[in-house]
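Fit chain B to the supplied structure of chain A, relying on the hints for placement.
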Amino acid sequence: MAQYAILIYDKIPTDDAEPRPEDRAAHDRHAKEIEKRNAMVAAFALEPSTTATSIRGDMVTDGPFIDAKEVIAGFCVIEAADLDSALEIARGNPALQHGGGVEVRPVESWGVARSAVE
Amino acid sequence: MSEPVAYVRRALADAHSRDWALVLAATARVTHDLDIAEECVQEAYASALVSWARDGIPKNPAAWLTTIAKRRAVDTARRERTLRAKLPLLVEPDEVADEVDIDEPMPEPGEDIAVPDERLRLIFMCCHPALAQEAQQALTLRLVCGISTVDVARMFLVSESTMAARLNRAKKKISAARIPFRVPTAAELPDRLKAVLGVIHLVFTTGHTAPTGPSLARNDLVDRALQLARLLRSLMPDEPEVLGLLALLLVTDARRATRVDADGRLLRLEDQDRSRWDHDAIAEADDLLTSSSRTYRGRYELQARIAWLYAAAPTYAQTDWSQVLNLYDELLSTWPSPVVALNRTVALSMVSGPEAALRVVEQLEQEKQLSRYHYLPAIKADLLQRLGRAEAAASSYRQALDLAENDVERDFLSERLGRLSPGA
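As they're listed, the protein sequences go chains A and B.
The numbers in the numbering used here rise by one with no breaks, and the one at position 20 of the first sequence is 20.
The numbers in the numbering used here rise by one with no breaks, and the one at position 260 of the second sequence is 260.
Treat the hints loosely; a few may be bogus.
[Claimed, not checked] Result set (DMTMM-like, lysine to aspartate or glutamate): computed pairs, CA atoms no more than 20 angstroms apart in a straight line: (1) A/K69 <-> A/D16; (2) B/K194 <-> B/D238; (3) B/K173 <-> A/E108; (4) B/K173 <-> A/E88; (5) B/K59 <-> B/E3; (6) A/K36 <-> A/E108; (7) A/K32 <-> A/E88; (8) B/K172 <-> A/E108; (9) B/K172 <-> A/E47; (10) B/K194 <-> A/E88; (11) B/K194 <-> B/E330; (12) B/K173 <-> A/E103; (13) B/K194 <-> A/D84; (14) A/K11 <-> A/E47; (15) B/K173 <-> A/D84; (16) B/K172 <-> B/E160; (17) B/K172 <-> A/D84; (18) A/K69 <-> A/E18; (19) B/K173 <-> A/E79.
Since the hints were made in silico from the structure, they are not lab data.
So that you can see chain A by itself, here it is in the shape it has in the complex:
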């Protein structure tokens, strides 16, 4: 088994809009399906890219790191036997139905210190 990060991209500027309940539900369903296959390691949805702050060198600027038409809206880490299995899971991502896209990247190494505290 190997771990893959699935980076979920959304189009600007619509990523700023409050997600429609049915879209959110679609993402939840998709996540549940991955969990059911025992393939989910972790999943994160991010606040819109307008809330991003970037640091390059010693410069702190607003906005996402790269000026692009798409931004990362979230990511999850899954476990799969090989790239074909990972792609099969990634293909089900609801972002693909809304003009967004996903990028599948093998995870090189990882570690979790602890979950967030309130």
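Then chain B, alone, in the frame of chain A:
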């Protein structure tokens, strides 16, 4: 028992072009690592030269080579077991039952060990859509055909270091992203097969009319594409599009000897000596097309049928143009590509006249995909010339010349232009 060296060399060359993929694929199953498998296979071929000259050529050279390569692989694995345990390895499906244990005693040379499916795994891995298409082509030529990196580099007109880097990047991705070493499932097969056929077709077209450079064709690439198409046909004899692709390549290549004249100048289809075409190849293509199922006609089969109609006509004028046009209409609905739409206009001009064809070509000028495609102004020029509009034709020929980068095609276009307006 010893054999003359020339005889052994020839047997070895045969075994290289015929069996490389088989030996490499079987060895990769043991090594789970492409680089080590390649090295072991290379060494097996090198040792064959000595062994075969001394002991005679084995009855089954592929099995002999596979056994030797696997032995090397086992030795290497024993030596490097601890190191290799930490490296990402080739991924295989879990259900593989006949996994070769590296501690298992190796079969004697000559024992039947390899199954043909091994090569399919290799081909589908090399043509995985997660790899860039230029990497797919290079990997296929390197790993399936066994062509050396320096020769693959020469085929694509890049430096050896560029090609070595390209191959290494691809192999690294195969192992880091775990691109599996297996034949796709039935559900994935149509898409994945399309990628494999696309790679073989691209190798062929790159060779058939070299995109740039002094010679019209690069026959080394053409021959390798034919070899790959034949291999795929032997491995997947029931796939209509595999038959279609092989038929297309055969018919197209049947004209190899007549595409340029004695001075290397391009000859149009209507000016070629049909008696010098490879009629065996054309007949073989016909057999393939006849044996193919009629329920669904895919892109390659339709292209092959069109090419076959061109090739089978006794003269250019006697080509069955309305049938060609019908097939183009069918092709366009299966594969709506502006290039197909453009090629269709040639048949249209023969059925409905150059005026009707010109109207379609002018519409196609709006297609972004054709904006740098030199065949569009070349076809337009020919139509304009046939309509007696010399000035407009000359301007189209000049446009085509601006875009064409193959020297033989450029000479052809210049000559056509020169005939229109002497002194231009």
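Ascending list of hint numbers which this structure does not respect: 6, 9
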